[in-house]
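Enquirer: The hints should help you fit chain B onto chain A, whose structure is shown.
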Amino acid sequence: MAPEPPLLSMSGITKSFPGVRALDGVDLDVQAGEVHCLLGQNGAGKSTLIKVLAGAHQPDTGTIRWRGEDVTLRSPIAAMRLGIATIYQELDLVEHLSVAENVHLGHEPTAAGFVVRGKAARVSTAQLLKRLGHPEIDPTRLVGQLSAAQQQIVSMARALSHDVRLIVMDEPSAALDPDEVDNLFRIVGDLTADGVAVVYISHRLEEIRRIGDRVTVLKDGRAVAGGLPAKSTPTREVVALMTGRNVEYVFPERPVSAPGGAPVLEVRGLARDGEFEALDLTVRPGEIVGLAGLVGSGRSEILETIYGARKPTAGQVLLDGRPLRPGSVRSAVRAGLGLAPEERKAQALLMLESVTRNVSVSTLSRFSRGGWIDRRAESGAARAATRELSLRPDNPAVPVRTLSGGNQQKAVLARWLLRGCRVLLLDEPTRGVDVGARAELYAVVRRLADEGLAVLLVSSEVPEVLGLADRVLVLREGRVVHEAHARELDEHRVLDLVMEGSPAS
Amino acid sequence: MTQHVSPPRGSADKVPLTEQLPAWRTLLGRADVRTLSLLGVLAALVLIGGVTKPDEFLDTRNLQLVLTQASVIGVVTVGMTFVITSGGIDLSVGAIVALSSVWATTVATQEYGFAGILFTAVIVGVGCGLVNGLLVAYGGMVPFIATLAMLASARGLALQITDGKTQIVTVDGILNLGERDSYVLGIPPLVLVFAVVTVIGWLVLNRTTFGRRTVAVGGNAEAARLAGIDVRRQRLYLYLLSGLCCGIAAFLLIILSGSGQNTNGNLYELDAIAAAIIGGTLLSGGRGTITGSVLGVLIFTTITNIFALNNLQSDVQQIAKGAIIVAAVLVQRRTASTT
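Listed in order, the protein sequences are those of chains A and B.
Here full-length UniProt numbering is used: the first residue of the first sequence is 1, the next is one more, and so on.
Here full-length UniProt numbering is used: the first residue of the second sequence is 1, the next is one more, and so on.
Possibly wrong hints are sitting among the right ones.
[Claimed, not checked] Simulated restraints on C-beta separations:
#, chain 1, residue 1, chain 2, residue 2, range
1, B, T106, A, A148, 58 to 68 Å
2, A, R401, B, S259, 45 to 55 Å
3, B, V33, A, L97, 34 to 44 Å
[Unchecked claim] Chain B is nowhere near these chain A residues, computed Cβ spacing over 10 Å in every case:
#, residue
4, S47
5, D92
6, P178
7, R186
8, S202
9, T282
10, E488
11, D490
12, D496
No lab work stands behind these hints, which were simulated from the structure alone.
The beta carbon of each residue, even a glycine, is placed where N, CA and C say it ideally should be.
Isolated chain A (complex conformation):
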C-alpha cells in the first residue's frame, strides 16, 4: 500500500442518463507516476467515467479526492486547473488554426493581458513537439493539413502545455501505425518517469501488457476489478471479467469447401493517382477477401473507389460482369454493393434517428408507394433484419446513438442485409468494438458469407484479416505485393511484407 494518499481517488461514482445508468458506483484509484489502464466493453462506462474525470459530466453521486482533498470538477477548465488533461479519441482540434494556436488555445501567452505573443507560443510549441519526439511538425502549419497521427501529437502537446499531473488517453493508438505506437509508448514512459499519472484506455490487451502498471476493468457501469497487476494478470481472467465469458478472439470456422462459381465482384486495373496503383481483384459469392496494409497504404481509398464514393483515374469495377458507372455511389448501390465505412458516425449513421430509420434508409422505395411510406412494413422489416443480426437492444425504435459501437455496426450491416446486397465492403469493421462483441461480429460476417454474400474486408489488424478472410491481398504504398490464402500466411509474414523496403519516415 502506498504511504501517500493516491493522486486521484474516485469512489462510488454514479451517473444516469435518461433510460440508462451509465455508471453505477465506480471506484478508481490512480497513483502518481503509474499507467493505469481502463478496460471494458463499449457501453461499460469508460467514456462516461473519463468525462466525469475531465469535468465534462457531473456525477450524480460519489466523491472525487485529488491529492487527498475532496474536489468538485465543475467544468473542463476546473479539471485542467487541477492538472487533469484528457486526450479524446475523436480529436478536438481546430482545423483552421495553426499547430501553435491549437496548443495554446484558451491560454495564449499574452502581452498586456490581451495581445497574443505569437512567437512565444511558437517557440514553446516547438519545444513541446521536440519533447514528444516530433520536431518535424511545423508550429505554423494548419492542423487540418496534418496526418491523423500528427494531430494526435498536437493534442498531446496541448495537454502538456498545461501543468499536468494526470493525462487521460482514450484509445490513443487506434489511428496509429506500429512505429507511431512505439513513439507513443516512449512518451508515456517519459511522462510517468516525471511523476505524471496516465489513465490509458485501449482495446488492445498486448498494449496494456507492454506499458500498463495496473488495470481496472469496467462492466455494465461497475468496476468489476480494480488495480489488477497489468503485466501478470492472465488474459483469460481479464477477458472473463470484461465479458463474463471465458472467450478470447474467436474466429468462426471457414467452410470445408472453397467457394466456387463465377466472381460476383471484379476489379480491373482500378487506380487513383497518388493513392493506389492499378489493382485487380475478384471476390466470389461466399468468399471473404481481406486487404491487409498499414495506415496510408490506400486500403480505405480502394474500398471507397470501388463503391463509387471516389472517382478512379483508371480501370473499372464489374458486378456480375457488368461495369458500374465510375464515381457513382447510386450505381453501385443499385447493382448490389454495400459499404460499412470506417467512420461509422460520420459516414454511415444518422445519429438523431432511430435504428429503424437508419436501417431502412437505403431501401425506402421498397416500403413506399408513390413516395408514401408504409411505416408498419418498414419497422417490421427493420426488426427482422436487426433480429437476424441479434442487435441489442431488441427494439429498433430506440435512437441509434444509444447503441454500443458493435451494435451500431450491426445497424449498418442490417441496412445492407435488408437491401439484399450481394457484395459487402467492410472498412475496419471492428474499430471501436470490444473483444466480446468482435467475436459476434466475425460470426455474423462469416454467416452472411456462407449464405452467399461476397465480402471485401479491410483492416489494420492483421490477426483480424488472417482470422476472418479466405484470401488475403497484402498492400504496400498502394500496390498489392502479395496474394495468398489466409491459411498460408501468418502475422509475421504479413508484417514483413507490409514493412519490407518501406522508407523510414
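Expert: Leaving out everything else, chain B in the frame of chain A:
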C-alpha cells in the same frame, strides 16, 4: 439472388411502443413538451390580448385578420422548414415573394385573368427556386451565399418591373377572393390555402420518402450519400419547393392587398427562419417540425396584432420579437440538454 431478409409486409410483429402513439400524440409530433410549451405561449398571448383589448381582440373579424396575415408568411415558413431541416437556408424568400407578386400583376399578365396571375406567381417562384437549387446542389455554392445573391437580384428585378409603383389588380376573380362573401364557414380562403399547405407539408415531411431523405441529408449528408441517396437532386428539389411556397404566398398576398409591389415580402426571410427555429427545427439540420413552425408563425402574428391593437409602435414589436427568439432558443437548449 441473395435476399437475406424478406420484408414481412403487414407482419404480425408488434410495432414498438414509441411508434404506436395515439393519433393525437402523433399529430402533435414526438417533441410534445416543446409543442405543448408553444401552445402554452400562444394561449398566454390570447389571454393577454383578451384582457388588454377584450372587445377588439376577440372579435371575429380580428381573429380572421390574424389568421389571414399568418397565412402568407405561414406558407413561406412551411417551405423554409424543409430547407432548414435539410441543413440549408433560403434567404431569398422575401425577395422571391416580391418578384412573383409584381410579375404576376403586370398589365400584360393581368390580361390573362385569374389563371394568368396564379400561374405566373407560381412559375416565377419555382423558377427562382430552380436557380437557387442549381447553384447550391450542382454549383457547389454555400446556400447562404447563393440565396443572398438571389435576394439581391430578385428585389432588383422586382423594382425594375414596377419602377417603384404599386400595380393595382383589376381582375374581379382575384379581388372577390378577399371579400367576406367568399369566406367558407367564416374562414377566409387564404387561411384555407394555408391549412392545406400545412397539412400537405406535414404529411410530406413525416410520411414520405421525400421527407425521410430531407431529414437524412440534413442529419448527415455524407452518410446519406453513402447510403445511396442522391443528395444533390434532393437539395435541388428542396429549393424548388421553397420557391413554390413563395409563389403561392405571393398569390395570397396579391389577393390580400389587391396589388403587387416591389416592397412586398420585406424581411420574410427573418420571420420564416425565426418561426421555424422557435418551433423546434434545428438550424443545423436533421430535425424539423411543421407543427412547430406553424405555431411559431401564429405566435409572431398574434404578437404583432396585440401590439397594434394596443397602439404600440413597430419598433417595440421588433424588440419583443427579438426577445422571444432568444427566450425560445434558450428554453429549447435547456430541454434538449435534459434529453
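Enquirer: Of the numbered hints stated previously, which ones are contradicted by the structure, given in increasing order?
Expert: Violated hints: none at all, because every hint is consistent with the structure.
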